[in-house]
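Undergrad: Protein chains in written order, with the numbering used here: chain A, 240 to 356; chain B, 7 to 118.
Bear in mind the hints are in silico, worked out from the structure with no lab data behind them.
Treat the hints loosely; a few may be bogus.
Pairs of lysine to any residue residues, derived as SDA-like cross-links and limited to a Cα-Cα distance of at most 20 Å, are as follows [to be verified]:
{"id": "1", "chain 1": "A", "residue 1": "Lys-310", "chain 2": "A", "residue 2": "Glu-269"}
{"id": "2", "chain 1": "A", "residue 1": "Lys-310", "chain 2": "B", "residue 2": "Ala-105"}
{"id": "3", "chain 1": "B", "residue 1": "Lys-9", "chain 2": "A", "residue 2": "Gly-279"}
{"id": "4", "chain 1": "B", "residue 1": "Lys-110", "chain 2": "A", "residue 2": "Val-299"}
{"id": "5", "chain 1": "B", "residue 1": "Lys-110", "chain 2": "A", "residue 2": "Arg-283"}
{"id": "6", "chain 1": "A", "residue 1": "Lys-257", "chain 2": "A", "residue 2": "Leu-327"}
{"id": "7", "chain 1": "A", "residue 1": "Lys-304", "chain 2": "A", "residue 2": "Ile-316"}
{"id": "8", "chain 1": "B", "residue 1": "Lys-58", "chain 2": "A", "residue 2": "Glu-344"}
{"id": "9", "chain 1": "B", "residue 1": "Lys-9", "chain 2": "A", "residue 2": "Asp-298"}
{"id": "10", "chain 1": "B", "residue 1": "Lys-75", "chain 2": "B", "residue 2": "Phe-108"}
{"id": "11", "chain 1": "B", "residue 1": "Lys-110", "chain 2": "A", "residue 2": "Gly-297"}
{"id": "12", "chain 1": "B", "residue 1": "Lys-9", "chain 2": "A", "residue 2": "Leu-280"}
{"id": "13", "chain 1": "A", "residue 1": "Lys-296", "chain 2": "B", "residue 2": "Phe-108"}
{"id": "14", "chain 1": "B", "residue 1": "Lys-58", "chain 2": "B", "residue 2": "Arg-97"}
{"id": "15", "chain 1": "A", "residue 1": "Lys-296", "chain 2": "B", "residue 2": "Ala-105"}
{"id": "16", "chain 1": "B", "residue 1": "Lys-110", "chain 2": "A", "residue 2": "Gly-279"}
{"id": "17", "chain 1": "A", "residue 1": "Lys-296", "chain 2": "B", "residue 2": "Arg-97"}
{"id": "18", "chain 1": "B", "residue 1": "Lys-110", "chain 2": "A", "residue 2": "Gln-276"}
{"id": "19", "chain 1": "B", "residue 1": "Lys-110", "chain 2": "A", "residue 2": "Leu-327"}
{"id": "20", "chain 1": "A", "residue 1": "Lys-310", "chain 2": "A", "residue 2": "Asn-290"}
{"id": "21", "chain 1": "B", "residue 1": "Lys-75", "chain 2": "B", "residue 2": "Asn-25"}
{"id": "22", "chain 1": "B", "residue 1": "Lys-9", "chain 2": "B", "residue 2": "Gly-109"}
{"id": "23", "chain 1": "A", "residue 1": "Lys-304", "chain 2": "B", "residue 2": "Ala-105"}
{"id": "24", "chain 1": "A", "residue 1": "Lys-296", "chain 2": "B", "residue 2": "Asn-107"}
{"id": "25", "chain 1": "B", "residue 1": "Lys-9", "chain 2": "B", "residue 2": "Ser-34"}
{"id": "26", "chain 1": "B", "residue 1": "Lys-110", "chain 2": "A", "residue 2": "Leu-280"}
{"id": "27", "chain 1": "B", "residue 1": "Lys-110", "chain 2": "A", "residue 2": "Asp-298"}
{"id": "28", "chain 1": "B", "residue 1": "Lys-110", "chain 2": "B", "residue 2": "Thr-78"}
{"id": "29", "chain 1": "B", "residue 1": "Lys-75", "chain 2": "B", "residue 2": "Asn-36"}
{"id": "30", "chain 1": "B", "residue 1": "Lys-9", "chain 2": "A", "residue 2": "Gly-281"}
{"id": "31", "chain 1": "B", "residue 1": "Lys-9", "chain 2": "A", "residue 2": "Arg-283"}
{"id": "32", "chain 1": "A", "residue 1": "Lys-304", "chain 2": "A", "residue 2": "Thr-354"}
{"id": "33", "chain 1": "A", "residue 1": "Lys-296", "chain 2": "A", "residue 2": "Leu-334"}
{"id": "34", "chain 1": "B", "residue 1": "Lys-110", "chain 2": "A", "residue 2": "Gly-281"}
{"id": "35", "chain 1": "B", "residue 1": "Lys-9", "chain 2": "A", "residue 2": "Gly-297"}
{"id": "36", "chain 1": "A", "residue 1": "Lys-296", "chain 2": "A", "residue 2": "Glu-269"}
{"id": "37", "chain 1": "B", "residue 1": "Lys-110", "chain 2": "A", "residue 2": "Ile-316"}
{"id": "38", "chain 1": "B", "residue 1": "Lys-110", "chain 2": "A", "residue 2": "Pro-278"}
Read off the chains here:
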Amino acid sequence: EAQVTQNPRYLITVTGKKLTVTCSQNMNHEYMSWYRQDPGLGLRQIYYSMNVEVTDKGDVPEGYKVSRKEKRNFPLILESPSPNQTSLYFCASSLRIGVGPTPYEQYFGPGTRLTVT
Amino acid sequence: DAKTTQPPSMDCAEGRAANLPCNHSTISGNEYVYWYRQIHSQGPQYIIHGLKNNETNEMASLIITEDRKSSTLILPHATLRDTAVYYCIVRVNSNSGYALNFGKGTSLLVTP
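With the hints as extra help, turn the sequences into a complete structure.
TA: Below is the structure:
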């Protein structure tokens with residue numbers, strides 16, 4: 240089954256304790272992305288990756304890091320989490336522009352609900 | 007990307023057609039109209055997209071006006087499981103980050 244998986248699904252942590260949220264897709268997609276969703280603010284892009292070893296900042300990258308060492312994985316790293324990073328996080332993937340009929344048919348993971356106290 | 011305007015909420019009786027409008031009066035010629043939905047805190051799900059012509063797939067139909075300034079997503083026989091927030095997104099196909107601007111969407115409530 241084609242899917243994007245995220246782990247963990249729920250996480251409660253304390254300020255300053257480094258954490259990693261994993262994201263994996265099994266569709267051989269070049270493009271992967273992280274969003275956060277907050278009430279009243281909608282979904283905002285954090286980072287994206289056009290392919291292996293190619294990453295770039297989205298709209299709200301402060302406080303986050305990413306890496307893309309393999310095509311299928313795109314982990315989100317919070318080196319020193321703070322309470323304002325409490326949010327619902329989604330990973331997404333898609334084929335790159337020019338490949339396939341629907342370049343913006345992004346596939347989203349189930350979400351990771353993070354609470355930083 | 008063009009801005010979209012959607013009603014904040016709508017109701018629909020189960021079994022009836024749900025017609026969700028979207029205004030995108032500043033759309034440019036190379037921008038596509040995409041619809042996604044998000045069922046209570048789950049990951050958004052792609053529904054359909056179009057450029058100029060009306061489109062239909064197994065989930066929905068998309069009607070785009072001739073001047074492309076507005077569109078309507080039609081769920082022909084709404085079920086309770088269609089209760090979700092529906093997002094209309096206008097996006098040009100370019101290699102500039104692929105970010106989707108979801109906006110606030112329309113919260114559709116399907117009632118028995």
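Undergrad: State the violated hints by number, sorted upward, taking the hints as numbered earlier in the document.
TA: As far as the earlier hints go, only 37 is violated by this structure.
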